[in-house]
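Letter by letter, the chains look like this.
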Amino acid sequence: MSAINATPENLSEILSGEDVALTSKIPAATARRTPYFETESGKRFIEGTLNLFKNAIPPLLGMLLFVALWALVANSGGQIPGPSETWTAAVELFSDPFYDNGPNDQGIGWNILHSLYRVGIGFGLAAAVGIPLGFMIGRFDFLNRMLSPVISILRPVSPLAWLPIGLLILQKAEPASIWVIFISSIWPMVLNTAAGVQRIPQDYMNVARVLNLSEFKVFTKILFPAVLPYVLTGVRLAIGVAWLVIVAAEMLTGGVGIGFWVWDEWNNLNVAHIIIAIFVVGIVGLLLEQLLMLIAKRFSYD
Amino acid sequence: MQSYVQIENASMVFSTKKGKFTALTGIDLNVEQGEFIALIGHSGCGKSTLLNLVAGLLDATDGVLLLANKEIKGPGPERGVVFQNHSLLPWLTAFENVYLAVEKVFGGSETRAQLKARTTAALELVGLTHATGKLPGEISGGMKQRVGIARALAMEPKVLLMDEPFGALDALTRAHLQDELMKIVAATKSTVIMVTHDVDEAVLLSDRIVMMTNGPAATIGEILTVDLPRLRDRLQLAHDPKYHALRSQVLEFLYSRQMRPKEAA
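In order, the protein sequence lines correspond to chains A and B.
Our numbering puts the first residue of the first sequence at 1, with every later residue one more than the last.
Our numbering puts the first residue of the second sequence at 303, with every later residue one more than the last.
Be a bit skeptical, because a hint or two may be false.
Here are the simulated lysine to aspartate or glutamate pairs, DMTMM-like style, with alpha carbons at most 25 Å apart [as the list claims (entries may be wrong)]: (1) B:K436 / A:D203; (2) B:K491 / B:D481; (3) B:K322 / A:D141; (4) B:K375 / A:D203; (5) B:K544 / B:D502; (6) A:K217 / B:E398; (7) B:K460 / A:D203; (8) A:K217 / B:E412; (9) B:K320 / A:D141; (10) B:K319 / A:D203; (11) A:K217 / B:E380; (12) A:K297 / B:E398; (13) B:K319 / B:D330; (14) B:K319 / A:D141; (15) B:K406 / A:E215; (16) B:K375 / A:E265; (17) A:K217 / B:E458; (18) B:K460 / B:D330.
Hints are computed from structural coordinates only; laboratory data are not their basis.
Kindly generate the complete structure, drawing on both the sequences and the hints.
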C-alpha cells in the first residue's frame, strides 16, 4: 500500500507547502509599502496560481484514481506488479536507454527510435501517396466514383491482415512492417483530403472563376490552403493508426522495436517492463498527436 | 447608341432532382454606361440568378447577354463581383486579397510596384489603409465587405456587380457604406448592377430600380426611374416628397401587387 499512500501525501504536502509560502510572505511585507499580494501583479499571481490548481485538480485526481486502482489490482494477488515496483524498474530501465548487447538486447531508447523510424517511413510514404490521391479524388468525380468501392472494401481490413501479403512480396520483415503501416495509415489521409476538396465553399471557387485564375494560382491560393486543415486532420488520424499498428506488427515480425520488446519481455516474464512499455507507447502516441495538433492550430483560419 | 449591358429575352432553367425549375423567363434589360441599377424583389425571385448570368457564373438557358456588344461567355475580370458574404480568402491579408485580383488583371503589363500602388489605392478608396495587413478573421463584417468592394474596384471592371453587398451588416454600418459607395461610384463613374432587398437602399443609390415578379418563372415586373439629383444626401432625402413617392411606389409593387402567397396567408 506504500504507493497508494505516497501520492496523496505528496499532494497534500505540495498544497500545504504552498499555503505556508503564502502566509509567510504576507507578514514579511512592510506596512509602509503595499504588500506584494495586494499589488496588481501580486493579485494576478494569486489568481494565476488558483487557476492553475483549479485546472490541475481534475486531471491529477484522474491519474491518482488510476494509480490507486492499479495498486488495488496488483495487491489483490496475481502477478501484476504494483506502481512502486514498476517505477523502480522504470528508473533502472531509463538510466541506460541506449545500451546495445546485440540485436535481441538493446536499450528501450533504441527500441522506441526503431519503431518511430518504421512509422516515419511507412507514414511518410502513405502521406506522399495518399494526400495527392485524395486531392484527385476530391477534384474529379469520375475518379471518386471509380475508387470509392475499392476503398470501401479495403479500408475496414485489419492492418495485420496485410502482413502476410507484405512478407510474401517484400520477403523481409522490416519492409513488411513498413508496408503494414503504409496501408493502414493511408486511408484517413485519402478520405479526409478528398472530403476537404469536396467541401471547399463555392464562394472561393466563384472568386477563382471571376478572376479567371490559372490552375496553378487556384491550387496555391485557394485549393491548398482551404484543404490544409482537412489534410492535417487526416494526418493526425493516420499517425494515431500507424502508432497503434506498429506495436502489433513488430510483435509478429521481430527485430528491434517497442512491439518486439513487449513480446520479448513477455517471454522473459518481466511484467513490469510490459507495463512500462504500455506507458511508453501511450505517451509517445500522445506526444505525436499533440505535435500535429500544434501544427494544425497554426493553419486554422476560423 | 447601343446600350452597354444588353439582356435580351434571357431565361434560366435549372435541372433539379424534382425536374426542371424555371427561375427566370423573358428578361429584357438594357443598362447604359455609368448607370446604377438596383434589382429588387422578394427572396427567391431570381434576382441573384440574373446577376450571376451577367457575371457569367451561370449560363443562360435561352436568350442573349451582351457587354459592350460582346457576348458574355463565362466569368471574367471585366465584370467585378462583390459577393453577398464578402468571399475573401481567409488565409490572405486584406492587401493580398486585393493584390490577387490586381495581379491577375494588370500583372501582364505593369511592374510589381505599380501593382502594389493600385492595391494600396483601392484599399485607400474604401478607407482601409490601416487594415491592409490584417486577415479577414481579424476585421469586422463591414470592413470585410469593404475589402470585397476594393477587390472588385481594383480590377477597374466595366461593370460592377453587387449581390446584396450590405445585407449582412447592421443598419449603421450599412448606411455608412452606402454613402461611401455613392462617393466611389460618382468618382469612378462605374456602371453598377446591385441586387438588394432593401427599398431605401434601392431608392437612395440607383438611377433605375428593376422590380422583379415572384418566382418561379420570375421576370421583370416594372422599372422605376429614380430622377433624384446626385449627389444624394440621406438626411435631405428624408424630407423630400419625391423620395417618399418613389419609395412608396416600390413598396406598393412589392407588398400589394407581388405579395407572396405564403405571407398573405
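The hints, checked one at a time:
no. : hint            : in the structure
1   : B:K436 / A:D203 : holds (20 Å)
2   : B:K491 / B:D481 : holds (15 Å)
3   : B:K322 / A:D141 : holds (23 Å)
4   : B:K375 / A:D203 : holds (19 Å)
5   : B:K544 / B:D502 : holds (13 Å)
6   : A:K217 / B:E398 : holds (13 Å)
7   : B:K460 / A:D203 : holds (22 Å)
8   : A:K217 / B:E412 : holds (19 Å)
9   : B:K320 / A:D141 : holds (22 Å)
10  : B:K319 / A:D203 : holds (23 Å)
11  : A:K217 / B:E380 : holds (19 Å)
12  : A:K297 / B:E398 : holds (22 Å)
13  : B:K319 / B:D330 : violated (29 Å)
14  : B:K319 / A:D141 : holds (18 Å)
15  : B:K406 / A:E215 : holds (13 Å)
16  : B:K375 / A:E265 : violated (72 Å)
17  : A:K217 / B:E458 : holds (21 Å)
18  : B:K460 / B:D330 : holds (20 Å)
Hint violations for this structure: numbers 13, 16, all remaining hints satisfied.
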